[in-house]
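Undergrad: The lines below spell out each chain.
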Amino acid sequence: MLTKRIIPCLDVRAGKVTKGVRFRGNVDVGDPVEFARLYYEEGADEIIFYDITASNERRDIMIDVVRRVAETIFIPFSVGGGLRTLEDMRRVLLAGAEKVSIDSGAVRNPNLIRDGATAFGSQCIVLSMQVRRVEPRPDIPSGYEIYLDGAREATGIDAIDWAKRGEELGAGELCVNSIDRDGTREGYDIHLTRAIADAVGIPVIASGGGGCARHIAEVCTEGKADAAIVASIVHSRETTIPRLKAELAELGVPVRMRW
Amino acid sequence: MIAIVDYRAGNLASVLRAVRRLGHEATITDDPDVLRGADRVILPGVGAAGETMRNLVALGLDAVIRETFLAGKPFLGICIGVQVIFERSEENDSVCLGLLPGVVRRFPGAPGLKVPQIGWNSVEFARMHPVFAGIPDRAEFYFVNSYYPVPADQECIYGFTEYGVRFASVVARRGLVATQFHLEKSGQVGLRMLDNFCRWDGRMAC
Numbered sequence: 001m002l003t004k005r006i007i008p009c010l011d012v013r014a015g016k017v018t019k020g021v022r023f024r025g026n027v028d029v030g031d032p033v034e035f036a037r038l039y040y041e042e043g044a045d046e047i048i049f050y051d052i053t054a055s056n057e058r059r060d061i062m063i064d065v066v067r068r069v070a071e072t073i074f075i076p077f078s079v080g081g082g083l084r085t086l087e088d089m090r091r092v093l094l095a096g097a098e099k100v101s102i103d104s105g106a107v108r109n110p111n112l113i114r115d116g117a118t119a120f121g122s123q124c125i126v127l128s129m130q131v132r133r134v135e136p137r138p139d140i141p142s143g144y145e146i147y148l149d150g151a152r153e154a155t156g157i158d159a160i161d162w163a164k165r166g167e168e169l170g171a172g173e174l175c176v177n178s179i180d181r182d183g184t185r186e187g188y189d190i191h192l193t194r195a196i197a198d199a200v201g202i203p204v205i206a207s208g209g210g211g212c213a214r215h216i217a218e219v220c221t222e223g224k225a226d227a228a229i230v231a232s233i234v235h236s237r238e239t240t241i242p243r244l245k246a247e248l249a250e251l252g253v254p255v256r257m258r259w
Numbered sequence: 001m002i003a004i005v006d007y008r009a010g011n012l013a014s015v016l017r018a019v020r021r022l023g024h025e026a027t028i029t030d031d032p033d034v035l036r037g038a039d040r041v042i043l044p045g046v047g048a049a050g051e052t053m054r055n056l057v058a059l060g061l062d063a064v065i066r067e068t069f070l071a072g073k074p075f076l077g078i079c080i081g082v083q084v085i086f087e088r089s090e091e092n093d094s095v096c097l098g099l100l101p102g103v104v105r106r107f108p109g110a111p112g113l114k115v116p117q118i119g120w121n122s123v124e125f126a127r128m129h130p131v132f133a134g135i136p137d138r139a140e141f142y143f144v145n146s147y148y149p150v151p152a153d154q155e156c157i158y159g160f161t162e163y164g165v166r167f168a169s170v171v172a173r174r175g176l177v178a179t180q181f182h183l184e185k186s187g188q189v190g191l192r193m194l195d196n197f198c199r200w201d202g203r204m205a206c
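For the protein sequence lines, the chains are A and B, in the order given.
Residues in the first sequence are numbered from 1 upward in steps of one, following my numbering.
Residues in the second sequence are numbered from 1 upward in steps of one, following my numbering.
Please keep in mind that the hints were generated in silico from the structure rather than gathered at the bench.
Glycine is no exception: its CB is placed at the ideal position from the N, C-alpha and C atoms.
Do not rely on the hints blindly, as some may be mistaken.
[What the hints assert, rightly or not] Between beta-carbon pairs, the in silico distance windows are:
no.: 1; chain 1: A; residue 1: G156; chain 2: B; residue 2: I28; range: 46 to 54 Å
no.: 2; chain 1: A; residue 1: P136; chain 2: B; residue 2: G60; range: 53 to 61 Å
no.: 3; chain 1: A; residue 1: T240; chain 2: B; residue 2: R8; range: 35 to 43 Å
no.: 4; chain 1: A; residue 1: E222; chain 2: B; residue 2: G50; range: 33 to 41 Å
no.: 5; chain 1: A; residue 1: D64; chain 2: B; residue 2: R20; range: 16 to 24 Å
no.: 6; chain 1: B; residue 1: A133; chain 2: A; residue 2: A199; range: 42 to 50 Å
no.: 7; chain 1: B; residue 1: R66; chain 2: A; residue 2: E238; range: 54 to 62 Å
no.: 8; chain 1: B; residue 1: A133; chain 2: A; residue 2: E41; range: 40 to 48 Å
no.: 9; chain 1: B; residue 1: I28; chain 2: A; residue 2: T184; range: 30 to 38 Å
no.: 10; chain 1: B; residue 1: L70; chain 2: A; residue 2: K16; range: 51 to 59 Å
no.: 11; chain 1: A; residue 1: D198; chain 2: B; residue 2: R66; range: 41 to 49 Å
no.: 12; chain 1: A; residue 1: T240; chain 2: B; residue 2: R36; range: 48 to 56 Å
[To be verified] Okay, the calculated bits of chain B under chain A, using three or more residues with CB under 8 Å as the criterion:
no.: 13; region: 3 to 14
no.: 14; region: 17 to 28
no.: 15; region: 111 to 122
no.: 16; region: 147 to 157
no.: 17; region: 183 to 191
Put together the whole structure using the sequences plus the hints.
TA: In structure tokens:
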């Protein structure tokens, strides 16, 4: 039986993990490779790195991080943040990432999805979407709108339409991030995740709001998600991936328990 | 020396990294003579059956792969590498290498069953194989596939996986062993099986 994936997400700026994440005995350590190793050893099913570096020169630092992570862990990992061209994607994949995650770049240029899928295969292309709940209106019938660039700019694009379009253009997976839930630990947006999972035939990764195993269980059953992203709850070491997985197994969610 | 077949697919480098990490000497090559001289051969990759076959034929590698199989040399196929060893694939309606009798079919679309299958799924051993040493039955491995092998000969099926259908996820014959899942992306369990292959003499006695 296919298991539900638990995916830690790490924000990386100029080669360092941000958000004052704590690590092993509450010592702040910012090396993404060390986090990758820890989560790999603890049974993460996949890892996502989000490069929030602003300037272009510093992107080379991220490529070096990707290369070192690929030497260290032997599970899939994806890299997102600021990927705007086919060449951007190629560099990350050649450095050893399994997948690229494209977001605002795909909204601005939807052909990026198709070109990426043609060049590297759909299985490499994760379409990540930043979604905010709004009053339903003619151009946003679902009441879920796509936002750009760290949730700052509204697009007038309906999230359900965008999900279907992304699938048509060749995305292999969708990562649905609820801006409203991000960082709240109140649980994923079940309604949003389910609406998107019902609209497409490709796997859906739920993101934003995960606070405990019960939230993950809910979004993987009622929300029909195939995978869930966890961030602060594991980075802070309040819980760990093995503990979350043991709790999920108790709740009847199929998870990978041997690694 | 282990030769990884270069037929211009993605994902070759991750197999090389994993094999080297395990301490084995390996190289990525499209040179038939290097492949002939290698102790063992790996055919990995992600991609479509049609394009894979076109590239193998254009590079003159299909003949060397047949020789490798017939000689009984340890030969590992991964993902697309398990699909092209059969006679035909429904993907682009492609004629494949025909090392084993059988075909490759697309997963039936069903409600709640996403195609491609992406993620960790368990492998139930159908019979023992030397590369399974130390691997627990029903351990999970990382899959990414829309198509699955349907061997005509049940004797060559060594592992089953369930995804809407119960399909052959490990097949083997003589020196050939091939997995639908990605050993190089399946954590410690995958590395163990890969290491077992890299040390295997090609004999079937467990």
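Undergrad: Next, verify each hint and record whether it holds.
TA: Now for the hints, and whether the structure bears them out:
Checked against the given bound of 46 to 54 Å, the beta carbons of G156 of chain A and I28 of chain B, roughly 47 Å apart, stay inside it. Taking the beta carbon of each, P136 of chain A and G60 of chain B are about 60 Å apart, inside 53 to 61 Å as hinted. About 41 Å separates the C-beta atoms of T240 of chain A and R8 of chain B, a value consistent with the hinted range of 35 to 43 Å. For the pair E222 of chain A and G50 of chain B, the beta carbons lie near 40 Å from each other, so the given range of 33 to 41 Å is met.
The beta-carbon spacing between D64 of chain A and R20 of chain B, approximately 19 Å, falls within the hinted interval of 16 to 24 Å. In this structure the hint that A133 of chain B and A199 of chain A lie 42 to 50 Å apart at CB holds, the actual value being about 45 Å. Between R66 of chain B and E238 of chain A the beta carbon distance is about 56 Å. The supplied range of 54 to 62 Å therefore holds. A hinted range of 40 to 48 Å is violated for the C-beta pair A133 of chain B and E41 of chain A, which are about 22 Å apart.
A hinted range of 30 to 38 Å for the beta carbons of I28 of chain B and T184 of chain A is inconsistent with their spacing of about 47 Å. At about 53 Å, the CB distance of L70 of chain B to K16 of chain A agrees with the hint of 51 to 59 Å. At roughly 47 Å, the beta carbons of D198 of chain A and R66 of chain B sit within the given window of 41 to 49 Å. With their beta carbons about 49 Å apart, T240 of chain A and R36 of chain B fall inside the hinted range of 48 to 56 Å.
Using a Cβ-Cβ cut-off of 8 Å, 3 residues of the region 3 to 14 of chain B lie near chain A, which meets the minimum of three, so the contact claim holds. As drawn, the region 17 to 28 of chain B meets chain A at 3 residues by the rule of a beta-carbon pair under 8 Å; at three or more, the given contact holds. Taking a C-beta to C-beta cut-off of 8 Å, the region 111 to 122 of chain B contributes 10 residues in contact with chain A, enough for the three needed, and the coverage statement holds. For a cut-off of 8 Å, the count of residues in the region 147 to 157 of chain B with a CB near a CB of chain A stands at 0, and the three-residue condition is violated.
Remark: the region 183 to 191 of chain B is confirmed as covered by chain A, as 8 of its residues place a Cβ nearer than 8 Å to a Cβ of that chain, reaching the required three.
Hint violations for this structure: numbers 8, 9, 16, all remaining hints satisfied.
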